[in-house]
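Following the hints, put chain B in place on chain A, whose structure we already have.
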Amino acid sequence: MQKSLNIDPGKCTGCLQCEMACSYEHTGTFNPSRSYIKVFTFHHEGRFAPYTCTQCDEAWCMRACPVDAISVDMATGAKVVSDDKCVGCKVCTIACPFGTINYSQATGKVVKCDLCGGDPQCAAACPTDAITYVDADWTGYDRMLASAAKSLPSAEATAG
Amino acid sequence: MQHLIIGAGPAGVVAAEALRKADPDAGIAIIGDEPEPPYSRMAIPYYLINNIDESGTYLRDPKQHFADLNIEVVQQKVDKIDTSGKTVTLGDGSSRGYDKLLLATGSHPISPPIPGLDLPQVHSCWTLEDARNIIKLAQSGSNVVLIGAGFIGCIILEALVKRGVNLTVVETGNRMVPRMLNDKAGGLLETWCKNKGIDVHTSCSVDAISDAGNGQVDVSLSDGSKLDAALVITATGVKANTDLVADSDINVDQGILVNRRMQTSNPDVYAAGDVAQGVDFSTGNFEVQAIQPTATDHGRIAALNMAGQGDEHHGTLNMNVLDTVGLISCSFGLWMGVDGGDSAELYNADEFQYINLQFDDDQLVGASSVGKTQHVGVLRGLIESRIHLGEWKQRLMRDPTAIMEAYVACTQELSYS
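So the sequences go chain by chain: A and B.
Residues 356 to 515 (this note's numbering) make up the first sequence, in order.
Residues 152 to 568 (this note's numbering) make up the second sequence, in order.
So here's chain A without its partners, still in its complex pose (with noise of 0.2 Å):
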């Protein structure tokens, strides 16, 4: 059974432990602006909502990268950039509708969510399960990922 990220904004106290524990597994650095998951702050509503990549089906990142530098890991399921073969063109970081692929100016390449090979650490750090790693059919993941993807007629209407 796969597993995703699955997400709830209503646990979130915006204490970035997620962020933290993200840069640190990809740059070695405790430095939450070179983290992957991004933890959104509402002040209006008094409210926090931690996002990422989805691991979306369409996969607009990979389909667009000119050079093949986005695979899917077969464990996961997760899209990885290949620092090997990335460019750093950042059409990926245009295509995907979602805002989760960005361009690493300290690194010259593009940057995502890559489940941590299957033991995400945000899921790991997170003290309220705001973040979990729960199996890919479970419902609130599902609600998630179809939040995500509303009314995106691309989606639809190329669905194959």
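Rather than coming from a laboratory, the hints here were simulated on the basis of the structure.
Keep in mind the model is a prediction, meaning the values are calculated, not measured.
Hints are not guaranteed to be accurate.
To be verified - One-sided and incomplete, this derived list gives chain B residues near chain A with beta-carbon spacing under 7 Å:
1. Trp343
2. Pro444
3. Met470
4. Leu478
5. Lys523
6. Thr524
7. Glu535
What the hints assert, rightly or not - The calculated BS3-like cross-link candidates involving lysine-lysine, where the alpha carbons are at most 25 Å apart (straight line), are:
8. Lys464/A - Lys377/B
9. Lys172/B - Lys287/B
10. Lys172/B - Lys231/B
11. Lys464/A - Lys313/B
12. Lys335/B - Lys347/B
13. Lys464/A - Lys523/B
14. Lys390/B - Lys347/B
15. Lys345/B - Lys440/A
16. Lys358/A - Lys467/A
17. Lys440/A - Lys214/B
18. Lys231/B - Lys390/B
19. Lys440/A - Lys464/A
20. Lys335/B - Lys345/B
21. Lys228/B - Lys335/B
22. Lys347/B - Lys523/B
23. Lys172/B - Lys335/B
24. Lys345/B - Lys313/B
25. Lys440/A - Lys523/B
26. Lys377/B - Lys335/B
27. Lys523/B - Lys467/A
28. Lys231/B - Lys345/B
Said to hold, decoys possible - Okay, the calculated bits of chain A under chain B, using three or more residues with CB under 8 Å as the criterion:
29. 373 to 383
30. 451 to 459
Cβ coordinates follow ideal geometry from the N, Cα and C atoms, glycine included.
Then chain B, alone, in the frame of chain A:
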């Protein structure tokens, strides 16, 4: 079922892959006339600076990928298409039949009407062959003149600077990338480039290029400047490769006209990528979008319809992203705005930061930014999903940088419990 694809660029390759997924038993062949395996022109700037070797420009692993998918790749020029007999004639005299044909023939650089463009020091930057010629002449310390500061010009501009040349850029428009950025944003790029030592001439054209002897050329500009150069690069736009269908039943305007299924006026012939003039998401008009994301989207839509599994497409969104010597800019959709619409803008010239949002009622319809790399893709999401922003429109009017917050708030339930 025999699917024939003319053109081995991103549109053709993505179409072949989507066809294979949709129809495991079909015959699929890609015909391309360049000597290299299918490669990406987008990667050429990185080849120019030795970031990658030639194989790094390849769209897929040429040894394995196409064989694994049972996709035939044929290196031949196509001489003729007979749409009534449903055959194409190749350069070696052989012919091939098809059930469905995809024209993904791309585009070619256009030459401005300047005397001296036939000199050996003058090149366009379009193919790997062009890139090899540029590498020979663009040596560190040599003088190089780049004609055109559009999207392609600006993308190779960075590579030229990194090769250590003394660069002069000549652009007929009043700013850099005039078809992608407005005056303020284009002005930021110009200042940035000048700060990096690039000699930028806007509202200026090249009058003539002439042989100066000793391997150099003289370049005369309309503002009276005289330059000597070891290399002149033309990047003044591209035009769809429609010659193959010139005298056929296939309708052509700026490109090959296609409907929402990427189908031409001949129902068994489809077109995709730079050569296709398809529906623009924002305007509903038929437009050529010579950009990588559109090429791959077109390729996929065409393939699904060729396999009888597709649907009408809502049109492709025009968008671009550009790295100009480290200053990153992008634009989406109707970045110039619409009549009666509102706009929000943040401009910080000292920090080279800019963002501009264009609304129609409470929907985002266009955007552009400079100096922003995080979450720019969500601008596509906001535009293409036609989300009604509601109260978030006013929040974005006050703070146009809050695009991710707007998207998350409008698409995610902030609490599931």
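Status of the hints after comparison with the structure:
1. Trp343: 14 Å, violated
2. Pro444: 5 Å, holds
3. Met470: 5 Å, holds
4. Leu478: Violated, because the Cβ-Cβ distance from leucine 478/B to chain A comes to roughly 11 Å (cut-off 7 Å).
5. Lys523: 10 Å, violated
6. Thr524: Hint on threonine 524/B: holds, closest Cβ of chain A at ~4 Å, below 7 Å.
7. Glu535: 6 Å, holds
8. Lys464/A - Lys377/B: This hinted pair is violated, its Cα atoms lying about 39 Å apart.
9. Lys172/B - Lys287/B: 42 Å, violated
10. Lys172/B - Lys231/B: 29 Å, violated
11. Lys464/A - Lys313/B: 17 Å, holds
12. Lys335/B - Lys347/B: 19 Å, holds
13. Lys464/A - Lys523/B: 15 Å, holds
14. Lys390/B - Lys347/B: Roughly 31 Å separates the two Cα atoms, so the pair is violated.
15. Lys345/B - Lys440/A: Judged against 25 Å, a Cα distance of about 31 Å means the pair is violated.
16. Lys358/A - Lys467/A: 17 Å, holds
17. Lys440/A - Lys214/B: 16 Å, holds
18. Lys231/B - Lys390/B: 20 Å, holds
19. Lys440/A - Lys464/A: Roughly 9 Å separates the two Cα atoms, so the pair holds.
20. Lys335/B - Lys345/B: Given pair lysine 335/B, lysine 345/B holds - Cα atoms ~15 Å apart, limit 25 Å.
21. Lys228/B - Lys335/B: Distance ~45 Å between lysine 228/B and lysine 335/B Cα, so the pair is violated.
22. Lys347/B - Lys523/B: Within the cut-off at roughly 19 Å; holds.
23. Lys172/B - Lys335/B: Judged against 25 Å, a Cα distance of about 46 Å means the pair is violated.
24. Lys345/B - Lys313/B: OK: lysine 345/B and lysine 313/B at ~15 Å, within 25 Å.
25. Lys440/A - Lys523/B: Cα-Cα ~23 Å, so holds.
26. Lys377/B - Lys335/B: 29 Å, violated
27. Lys523/B - Lys467/A: Holds: lysine 523/B and lysine 467/A sit about 17 Å apart, inside 25 Å.
28. Lys231/B - Lys345/B: Violated: lysine 231/B and lysine 345/B sit about 48 Å apart, past 25 Å.
29. 373 to 383: Contact hint for the region 373 to 383 of chain A vs chain B: violated, 0 residues under 8 Å.
30. 451 to 459: Since 9 is at least three, the answer is holds.
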